[in-house]
Amino acid sequence: MSVQTTSHPSARPDWVWHAGLIGFVAVWWLVYRQLIPLSEWITALFPVDRHSHTGEAIAFFFYDVPKVMMLLTLIVFAMGVLRSYFSPERTRALLAGKREGVGNVMAAGLGVMTPFCSCSAVPLFIGLVSAGVPLGVTFSFLISAPMVNEVALVLLFGLVGWKVAVTYAAFGLTIAVVAGWVIGKLKLEGWLQDWVRDIHSGATAPDAADDAPLRLVDRYHLGIEVVREIFGRVWMWIILGIGIGALIHGYVPQDLMARIMGADAWWSVPAAVVIGIPMYTNAAGVIPIVEALLGKGAALGTVLAFMMSVIALSLPEMIILKQVLTLRLIAVFIAVVGSGILAVGYLFNFLF
Amino acid sequence: MDIKVLGPGCAKCKATADLISRVADQAGKAVTIEKIEDMRQIVSFGVMTTPAVVVGGKVVHKGSVPSPDQVLGWLA
Numbered sequence: 080m081s082v083q084t085t086s087h088p089s090a091r092p093d094w095v096w097h098a099g100l101i102g103f104v105a106v107w108w109l110v111y112r113q114l115i116p117l118s119e120w121i122t123a124l125f126p127v128d129r130h131s132h133t134g135e136a137i138a139f140f141f142y143d144v145p146k147v148m149m150l151l152t153l154i155v156f157a158m159g160v161l162r163s164y165f166s167p168e169r170t171r172a173l174l175a176g177k178r179e180g181v182g183n184v185m186a187a188g189l190g191v192m193t194p195f196c197s198c199s200a201v202p203l204f205i206g207l208v209s210a211g212v213p214l215g216v217t218f219s220f221l222i223s224a225p226m227v228n229e230v231a232l233v234l235l236f237g238l239v240g241w242k243v244a245v246t247y248a249a250f251g252l253t254i255a256v257v258a259g260w261v262i263g264k265l266k267l268e269g270w271l272q273d274w275v276r277d278i279h280s281g282a283t284a285p286d287a288a289d290d291a292p293l294r295l296v297d298r299y300h301l302g303i304e305v306v307r308e309i310f311g312r313v314w315m316w317i318i319l320g321i322g323i324g325a326l327i328h329g330y331v332p333q334d335l336m337a338r339i340m341g342a343d344a345w346w347s348v349p350a351a352v353v354i355g356i357p358m359y360t361n362a363a364g365v366i367p368i369v370e371a372l373l374g375k376g377a378a379l380g381t382v383l384a385f386m387m388s389v390i391a392l393s394l395p396e397m398i399i400l401k402q403v404l405t406l407r408l409i410a411v412f413i414a415v416v417g418s419g420i421l422a423v424g425y426l427f428n429f430l431f
Numbered sequence: 010m011d012i013k014v015l016g017p018g019c020a021k022c023k024a025t026a027d028l029i030s031r032v033a034d035q036a037g038k039a040v041t042i043e044k045i046e047d048m049r050q051i052v053s054f055g056v057m058t059t060p061a062v063v064v065g066g067k068v069v070h071k072g073s074v075p076s077p078d079q080v081l082g083w084l085a
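Chains as they are written, first to last, in the working numbering: chain Y, 80 to 431; chain H, 10 to 85.
For the record, the hints were derived by calculation from the structure and aren't laboratory data. Source: prediction; values computed, not measured. Built from N, CA and C at the ideal position, the CB exists for glycine as well. Incorrect hints may have been included.
Unchecked claim - Anything over 10 angstroms on all C-beta distances counts as not near chain Y; from chain H, calculated: (1) P17; (2) A26; (3) M57.
To be verified - As a list, the in silico PhoX-like pairs of lysine-lysine whose alpha-carbon atoms are at most 25 angstroms apart: (4) K44/H / K21/H; (5) K146/Y / K401/Y; (6) K23/H / K38/H; (7) K401/Y / K44/H; (8) K13/H / K44/H; (9) K146/Y / K264/Y; (10) K21/H / K67/H; (11) K38/H / K401/Y; (12) K21/H / K401/Y.
Claimed, not checked - Anything over 12 angstroms on all C-beta distances counts as not near chain H; from chain Y, calculated: (13) R171; (14) V201; (15) L203.
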């Protein structure tokens, strides 16, 4: 997102890009439908029995890796194009002057749509707070942005199924709205770091968003750029995660996880949340493992709680936020979001 | 020419500073690049996403590593 929009000097006319995109999606679809035979064919090349532990693990790996990579390419591209219509500046303009309640819901939704990288969390936080966006509304944004992201949703959809993906998105948004609302009600503006509080009290209306209009082809370029960036960051995690998932799939005894992470073990949900906080991997690494654990009898609620905790409550992010929030406020943040995750975990274990 | 790169020391911010000095070298332009990592100074420029680039006191780019063409445009 540049202020000075220098569009790429593409000599090709626009229709070539549109046609190319349609062609790509068509080829994508044809290949995607052939993934099972393809993975069976590759597995048959290995000198192992297809129905042995090793055979199962290999088939799992060679089906899931290309499947997830293909889904990611398409969805991340689509999200990249869609997100080019949103910018942090526009989000700020939309949220400024919104009251709590409506503001929390909007902020959680915009958290999903606004391009966000955790290294920009602090300037974004300041930008929102200084424009007069209420603290609780700002938190709704900060909770939903990392938690409900397309990489997590694609992996859940591809590996675990669409129902779990939709449920995860719905409850992720709910936690963001409710936790932000609760933090807003607690009136903790005084627990910001001093220099941020000064900005907050002198909040002024933001300048109008000054987005230069982009052509659709420029948005394609942005989408491709995002795909390259996300792949560069997560491909190793995906292969590692699916590799570990494949091992669990092939070798871990069927009911081991049912005993440790099953619905009957009430302590497993809080344990999953606590273990998840210091773990910092992204969705790409943790979800393949989650899928394998589910297959071995781990309870859905426990596993979801673990996943949300890993993604939404991470130590590195706390350290970044320490620059703007006092420790007390960070503790409240962890407590409120953690309780929300706990509630989701128990609810799911109860329902399913 | 005085160029500031705003960013809390993330990989993209470093890549931005490196790119600008490389492009400036190739173009034969003398620039001084100042990396600003202090959060208070960064937000005082009003940017919400990093890395951001400031040329002559004005924010010309934010949120991503710029393209070499964009950098050339600022140096002109």
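Cross-check of the supplied hints:
{"no.": "1", "hint": "P17", "in the structure": "violated (6 angstroms)"}
{"no.": "2", "hint": "A26", "in the structure": "holds (15 angstroms)"}
{"no.": "3", "hint": "M57", "in the structure": "violated (4 angstroms)"}
{"no.": "4", "hint": "K44/H / K21/H", "in the structure": "holds (12 angstroms)"}
{"no.": "5", "hint": "K146/Y / K401/Y", "in the structure": "violated (39 angstroms)"}
{"no.": "6", "hint": "K23/H / K38/H", "in the structure": "holds (20 angstroms)"}
{"no.": "7", "hint": "K401/Y / K44/H", "in the structure": "holds (22 angstroms)"}
{"no.": "8", "hint": "K13/H / K44/H", "in the structure": "holds (6 angstroms)"}
{"no.": "9", "hint": "K146/Y / K264/Y", "in the structure": "violated (44 angstroms)"}
{"no.": "10", "hint": "K21/H / K67/H", "in the structure": "holds (20 angstroms)"}
{"no.": "11", "hint": "K38/H / K401/Y", "in the structure": "violated (39 angstroms)"}
{"no.": "12", "hint": "K21/H / K401/Y", "in the structure": "holds (21 angstroms)"}
{"no.": "13", "hint": "R171", "in the structure": "violated (7 angstroms)"}
{"no.": "14", "hint": "V201", "in the structure": "violated (5 angstroms)"}
{"no.": "15", "hint": "L203", "in the structure": "violated (5 angstroms)"}
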